[in-house]
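Undergrad: Next come the chains, spelled out residue by residue.
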Amino acid sequence: MTSDNNVELRVRALESLLLEKGLVEAPAIDEIIDLFENRLGPQNGGKVVVRAWTDPAFKARLLANATEAIVEMGYDAVQGEDMVVVENTPEIHNVVVCTLCSCFPWATLGLPPVWYKSAPYRARAASDPRGVLVEFGTEISDEAQVRVWDSNAELRYMVLPERPAGTGAMNEDELLALVTRDSMIGVTRAQNP
Amino acid sequence: MNGIHDMGGVHGYGPIDREEDEPVFHHAWEGKALALARVGLAGGHFDLDEFRHAMERIAPVQYLSISYYERWLEGTLMMLDAKGVVSAEEFQTRLDELSKSSGGGA
Amino acid sequence: MKITRDVVLGLYKNTGTARVDADVAASFKVGDIIQARIINPTGHTRLPRYVRGKQGRIATDHGVFKFADSLARGGGNQPQHLYSVRFDARELWGGDAKPQDCLYIDLWDDYLERAE
Numbered sequence: 001m002t003s004d005n006n007v008e009l010r011v012r013a014l015e016s017l018l019l020e021k022g023l024v025e026a027p028a029i030d031e032i033i034d035l036f037e038n039r040l041g042p043q044n045g046g047k048v049v050v051r052a053w054t055d056p057a058f059k060a061r062l063l064a065n066a067t068e069a070i071v072e073m074g075y076d077a078v079q080g081e082d083m084v085v086v087e088n089t090p091e092i093h094n095v096v097v098c099t100l101c102s103c104f105p106w107a108t109l110g111l112p113p114v115w116y117k118s119a120p121y122r123a124r125a126a127s128d129p130r131g132v133l134v135e136f137g138t139e140i141s142d143e144a145q146v147r148v149w150d151s152n153a154e155l156r157y158m159v160l161p162e163r164p165a166g167t168g169a170m171n172e173d174e175l176l177a178l179v180t181r182d183s184m185i186g187v188t189r190a191q192n193p
Numbered sequence: 001m002n003g004i005h006d007m008g009g010v011h012g013y014g015p016i017d018r019e020e021d022e023p024v025f026h027h028a029w030e031g032k033a034l035a036l037a038r039v040g041l042a043g044g045h046f047d048l049d050e051f052r053h054a055m056e057r058i059a060p061v062q063y064l065s066i067s068y069y070e071r072w073l074e075g076t077l078m079m080l081d082a083k084g085v086v087s088a089e090e091f092q093t094r095l096d097e098l099s100k101s102s103g104g105g106a
Numbered sequence: 001m002k003i004t005r006d007v008v009l010g011l012y013k014n015t016g017t018a019r020v021d022a023d024v025a026a027s028f029k030v031g032d033i034i035q036a037r038i039i040n041p042t043g044h045t046r047l048p049r050y051v052r053g054k055q056g057r058i059a060t061d062h063g064v065f066k067f068a069d070s071l072a073r074g075g076g077n078q079p080q081h082l083y084s085v086r087f088d089a090r091e092l093w094g095g096d097a098k099p100q101d102c103l104y105i106d107l108w109d110d111y112l113e114r115a116e
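Chains as they are written, first to last, in my numbering: chain B, 1 to 193; chain U, 1 to 106; chain L, 1 to 116.
Be careful, since some hints might not be right.
[Said to hold, decoys possible] Listed below are several chain U residues computed to face chain B (Cβ distance under 10 Å; list not exhaustive): (1) Glu19; (2) Val24; (3) Gly31; (4) Leu34; (5) Leu95.
Bear in mind the hints are in silico, worked out from the structure with no lab data behind them.
Please read all numbers here as calculations on a predicted model, not as lab measurements.
Where is the CB? At the ideal position from N, CA and C, for every residue including glycine.
Sequences and hints are given; from them, build the entire structure.
TA: Right, here's the structure in full:
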């Protein structure tokens, strides 16, 4: 529809009109951008995962009522979203998509990456999750079960990846470094030490 | 609606293109586009579901060709016009003014 | 309402849930086998085409939520139960899918009917 030059101008045009009409003030725009760019992000989800790996009672609460458990950790919902956390095991591998748009657990993972919102992912994660996982370098056995979660309503889904082997002696910071955004979407596992 | 956005199971979109360590916003205007949509929603000018439906109504070729945050901008403009907050005419007038003052624009 | 910085800070604190505190009866319960309705709306719906007419099982009752399809046309909340429904991959995509694989999607009461 437009080149980058033109879309930047269009955004400026809209911003100037909303400011002039007194519908928003400039610091509010900056605040929203700062929230999404700097304060939200997968580091929050990583901490939820690490706590679940190291605190069985918290993990139980997380799986029973993720919304409350995440609020407990201080990562309040952004769009007021109700959260569900689904656990990966050796037998079950979960992967999350929004086939209709781009719904994503902002409260724990921030804004989604471009690929999550792209047509190839939205189309194939639903119908060929194993093929998608192969594309991400993730091998799933023939016997394991793959569960796709299509986030089409107002519940937001996050995967609790399996804790990698050989991490028993690691501290929380070391564990946090193994938890990637991709592993909390479900397209990869957590990294090995 | 049975629009182009309803993508589950569709074939032919090719491989999933991934960027290593991508930034949250690739351009400053993307953050602004997101923020202005949130302003529209927060101000009660339009509802989240109406906003999603607006984006679904972007013509299929455009929907697939423009970038994600440009869809957000288009959806916001459609809703603000529909709700009488910022008409398409006044937006175009402002756009023309900015185009001229930036030396002809795009 | 003018969106000031304080308004923004206030908004991003656990507001805007789509859950509704309304006493609405559920048409289905966990374990029920349902069929997603075959609908063809020109308006907004969150029932994707790939699920319509397919049979699945109610896995969870999430409780009562605002109904997106209604809100998008200015029809108000129409609060109703929202269920996590599990569909076998083979039901959706045919025999090439693994028999044990499945897909979960959240479907409102209005999208569902009892399977024959």
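Undergrad: Next step is simple, just say for each hint if it's right about the structure.
TA: Hints, one by one, checked against the model:
Here the hint on Glu19/U is kept, as its CB sits about 7 Å from the closest CB of chain B, short of 10 Å. For the restraint placing Val24/U at the interface with chain B, the shortest Cβ-Cβ distance is roughly 5 Å, inside the 10 Å limit, so the hint holds. Residue-level restraint check for Gly31/U holds (minimum Cβ-Cβ distance to chain B is 4 Å; threshold 10 Å). Look at Leu34/U: its Cβ gets to within about 6 Å of chain B, closer than 10 Å, so that hint holds up.
Because the smallest distance between the Cβ of Leu95/U and any Cβ of chain B comes to about 4 Å, under 10 Å, the interface hint for this residue holds.
Every hint from the earlier list agrees with this structure, and none is contradicted.
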